[in-house]
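Protein chains: 2
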Amino acid sequence: MDADKQLQDFFLRGDQIYMPHLSVDCVIFGFHDNHLKVLLLKWKKGGQWCLPGGFVKYAESVDDSAVRILKERTGIDNIFLQQFHTFGDPKREKGKSLKVAEKKSWIHKRFVSVGYYALVEYSKVNPQPDIMSIECRWWDINTVPTLIYDHNKMIEKALQILRLDLNDHPLGYNLLPEKFTMPELQRLYETILDEELDRRNFQKRMLGLGILERLKERKTGGAHKAPYLYRFDKKKYDKAMKQGLSGGW
Amino acid sequence: MDADKQLQDFFLRGDQIYMPHLSVDCVIFGFHDNHLKVLLLKWKKGGQWCLPGGFVKYAESVDDSAVRILKERTGIDNIFLQQFHTFGDPKREKGKSLKVAEKKSWIHKRFVSVGYYALVEYSKVNPQPDIMSIECRWWDINTVPTLIYDHNKMIEKALQILRLDLNDHPLGYNLLPEKFTMPELQRLYETILDEELDRRNFQKRMLGLGILERLKERKTGGAHKAPYLYRFDKKKYDKAMKQGLSGGW
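Top to bottom, those sequences are chains F and G.
So in our numbering the end of the first sequence lands on 249, straight run, no missing numbers.
So in our numbering the end of the second sequence lands on 1249, straight run, no missing numbers.
Incorrect hints may appear among the rest.
Said to hold, decoys possible - Derived DEER-like restraints, expressed as beta-carbon distance ranges:
| # | chain 1 | residue 1 | chain 2 | residue 2 | range |
| --- | --- | --- | --- | --- | --- |
| 1 | G | Trp-1139 | F | Pro-145 | 44 to 52 angstroms |
| 2 | G | Gly-1047 | F | Gln-128 | 52 to 60 angstroms |
| 3 | F | Ile-17 | G | Phe-1080 | 32 to 40 angstroms |
| 4 | G | Lys-1235 | F | Lys-103 | 21 to 29 angstroms |
| 5 | F | Glu-135 | G | Arg-1137 | 32 to 40 angstroms |
| 6 | F | Gln-128 | G | Lys-1124 | 52 to 60 angstroms |
Claimed, not checked - Simulated pairs of lysine-lysine, BS3-like, Cα-Cα distance not exceeding 30 angstroms:
| # | chain 1 | residue 1 | chain 2 | residue 2 |
| --- | --- | --- | --- | --- |
| 7 | G | Lys-1109 | G | Lys-1071 |
| 8 | F | Lys-153 | G | Lys-1236 |
| 9 | G | Lys-1091 | F | Lys-242 |
| 10 | F | Lys-109 | G | Lys-1057 |
| 11 | F | Lys-37 | F | Lys-103 |
| 12 | F | Lys-71 | G | Lys-1091 |
| 13 | F | Lys-157 | G | Lys-1057 |
| 14 | G | Lys-1242 | F | Lys-242 |
| 15 | G | Lys-1157 | F | Lys-234 |
| 16 | F | Lys-234 | F | Lys-153 |
| 17 | F | Lys-242 | G | Lys-1094 |
| 18 | G | Lys-1235 | F | Lys-204 |
| 19 | G | Lys-1037 | G | Lys-1234 |
| 20 | F | Lys-103 | G | Lys-1057 |
| 21 | G | Lys-1236 | F | Lys-91 |
| 22 | F | Lys-157 | G | Lys-1071 |
| 23 | F | Lys-71 | G | Lys-1037 |
| 24 | G | Lys-1242 | F | Lys-37 |
| 25 | G | Lys-1091 | G | Lys-1124 |
| 26 | G | Lys-1005 | G | Lys-1103 |
| 27 | F | Lys-239 | G | Lys-1204 |
| 28 | F | Lys-57 | G | Lys-1057 |
| 29 | G | Lys-1157 | F | Lys-242 |
| 30 | F | Lys-91 | F | Lys-57 |
| 31 | F | Lys-153 | G | Lys-1094 |
| 32 | G | Lys-1094 | F | Lys-94 |
Simulated from the structure, these hints should not be mistaken for lab results.
Just so you know, even glycine gets a beta-carbon here, dropped at the ideal spot from N, CA and C.
Required output: the full structure, derived from the provided sequences and hints.
See the structure below:
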C-alpha cells in the first residue's frame, strides 16, 4: 500500500485499530548549549505544525502508546515519558485544525488527549518524520508557531510543570556531561527557567541539596581559573527524584 | 421510570449520552479530628465498594464531568477537584469487577479513567448515595476494603501525590478553623503523612515559610500554658499554592 492509500485507510478505518475519542500528545523538550527547544512535526496535508501525537490501540496501555507514537512519528526511542495532564475540553480542537479530506473520518470527532513530556539532550536524538509528516525538527521555545488545536497550551502547561518541578526535584542527569562545572549546571537551570540566577545563591542552595559530588580534578582549558568539576551522586539523585529534594517534613 | 428500569437503560444505552472507553474517578480524602478518611460508595448490585466515578458526556469537559459525578453520586458540591493521573492500563478492570446483568452493555468495554482528588473537612460534607449505590460513607484510610478494578491503586497514587505535594505546597486552609494552634497544624501534617514529626523542627520550618500570621490572642481553656493562635496569610498562601513554597531558584 502506498503512503497516500495508507493515510486514507487510516482516516476511514483507523477506529477499528484505535480507541475512539482518545489521543496522546508528546511535548519533547530538548536542551543543548544553553538552548531550550521543543520537537514539532509538520503535516503533509496542509502543512500545519503540531506536537507528535497519535492514538491508543484497543489492547495497549496509554503509557505504551505514548512510547510507540513518539518512536513512529520521530524515530526517537528510549526516552522516559512522564504523563503530565489530560486535556479534556470539548472545544480543544476548535483552533487551527488538521486538513483531512475524508469528511466521514472518525478523526473529526472529539478527542480527550493524554499529555506526556520529556526533557532530552537534543544533540543525541535524530528526529525522523514518518509517512504522515513532511518534516520533524526542533523549534526554539520562544519562536514556536501557532500549532493545531490546543497544542500551544499543552507546551505551556508542560513547561509550567517542568519549572515547578525544579523546586522539589533534581535536574541535569542525562542533560549534562557526566562531569560538569557549577556554571554549566546553573546555565541549564537558567535556560529552563528563562531567567538569570544569582551565582552565589545558586551554588549555595545546590550544594545544600546533597546530591552533588565534588571531584578532585578541575576543568582545564579555559582562560579563567580552572573551575571545580562535579558529578551527581546518582543514589541520592534518584532518591530525591522519588521523595522530593526537601526530603519530607 | 423507576430506579431499576433507569439503571437497565443506562447499561444498555448509556453510550448514546456518554463517550465510550472513558471514565472519571474521584478520590475524596476527608480530614477531621486527626483522622484521614476516604469517601467510598457501595453498589446496589453486588455490594462492592468503589470510588465515586462515572462517565463524560459528549459535549462536556472532563473537569466538569468530575464535578457533576461527585455531586450526583455523593451529594457533595463546591469542592475543588484536582486532576492527578490518568489510568490507562488495559488490564485495570481485571480485578474485582462490577456485577452488571446486561451482558451486551457498553460498560463491559475497556475504560481509560481520569483520576481527580480533593481533601476536605469531612464533618462539613454530608454524603448521600444516588440510585446506583446503596451506601456512601467515609472509610478510615487504613481500613479501606478491596475495591473494584484498580481503585485501591488509585487511592495509593493520590495519597502519594498528596504527600509529595506537602514538600512544596501549603496545606490547611479550609481543613483547620480560621484560627489554629501550631500543634493543630502539626497534627494535620502528621495525619496525612502517617508519621510523627519533631515539634521544634516542624515549627521552625513552618514559620520559615512565611505563610503564617501569629495573632495577639492565645488559645484559652486548656490545662497547659495557653498556646499562640495562628492564621494563614491568604495572599502568601495562594501565591505558594501556585509558585511553590521554595519560591523558585
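Verification of the hints:
| no. | hint | in the structure |
| --- | --- | --- |
| 1 | Trp-1139(G) / Pro-145(F): 44 to 52 angstroms | holds (51 angstroms) |
| 2 | Gly-1047(G) / Gln-128(F): 52 to 60 angstroms | holds (54 angstroms) |
| 3 | Ile-17(F) / Phe-1080(G): 32 to 40 angstroms | holds (38 angstroms) |
| 4 | Lys-1235(G) / Lys-103(F): 21 to 29 angstroms | violated (53 angstroms) |
| 5 | Glu-135(F) / Arg-1137(G): 32 to 40 angstroms | violated (57 angstroms) |
| 6 | Gln-128(F) / Lys-1124(G): 52 to 60 angstroms | holds (56 angstroms) |
| 7 | Lys-1109(G) / Lys-1071(G) | holds (25 angstroms) |
| 8 | Lys-153(F) / Lys-1236(G) | holds (27 angstroms) |
| 9 | Lys-1091(G) / Lys-242(F) | holds (25 angstroms) |
| 10 | Lys-109(F) / Lys-1057(G) | holds (13 angstroms) |
| 11 | Lys-37(F) / Lys-103(F) | violated (35 angstroms) |
| 12 | Lys-71(F) / Lys-1091(G) | holds (24 angstroms) |
| 13 | Lys-157(F) / Lys-1057(G) | holds (25 angstroms) |
| 14 | Lys-1242(G) / Lys-242(F) | holds (21 angstroms) |
| 15 | Lys-1157(G) / Lys-234(F) | holds (25 angstroms) |
| 16 | Lys-234(F) / Lys-153(F) | violated (34 angstroms) |
| 17 | Lys-242(F) / Lys-1094(G) | holds (28 angstroms) |
| 18 | Lys-1235(G) / Lys-204(F) | holds (29 angstroms) |
| 19 | Lys-1037(G) / Lys-1234(G) | holds (26 angstroms) |
| 20 | Lys-103(F) / Lys-1057(G) | holds (23 angstroms) |
| 21 | Lys-1236(G) / Lys-91(F) | violated (34 angstroms) |
| 22 | Lys-157(F) / Lys-1071(G) | holds (28 angstroms) |
| 23 | Lys-71(F) / Lys-1037(G) | violated (42 angstroms) |
| 24 | Lys-1242(G) / Lys-37(F) | holds (25 angstroms) |
| 25 | Lys-1091(G) / Lys-1124(G) | violated (37 angstroms) |
| 26 | Lys-1005(G) / Lys-1103(G) | holds (16 angstroms) |
| 27 | Lys-239(F) / Lys-1204(G) | holds (24 angstroms) |
| 28 | Lys-57(F) / Lys-1057(G) | holds (22 angstroms) |
| 29 | Lys-1157(G) / Lys-242(F) | holds (13 angstroms) |
| 30 | Lys-91(F) / Lys-57(F) | holds (24 angstroms) |
| 31 | Lys-153(F) / Lys-1094(G) | violated (35 angstroms) |
| 32 | Lys-1094(G) / Lys-94(F) | violated (37 angstroms) |
In this structure, the earlier hints numbered 4, 5, 11, 16, 21, 23, 25, 31, 32 are contradicted, and the remaining ones agree with it.
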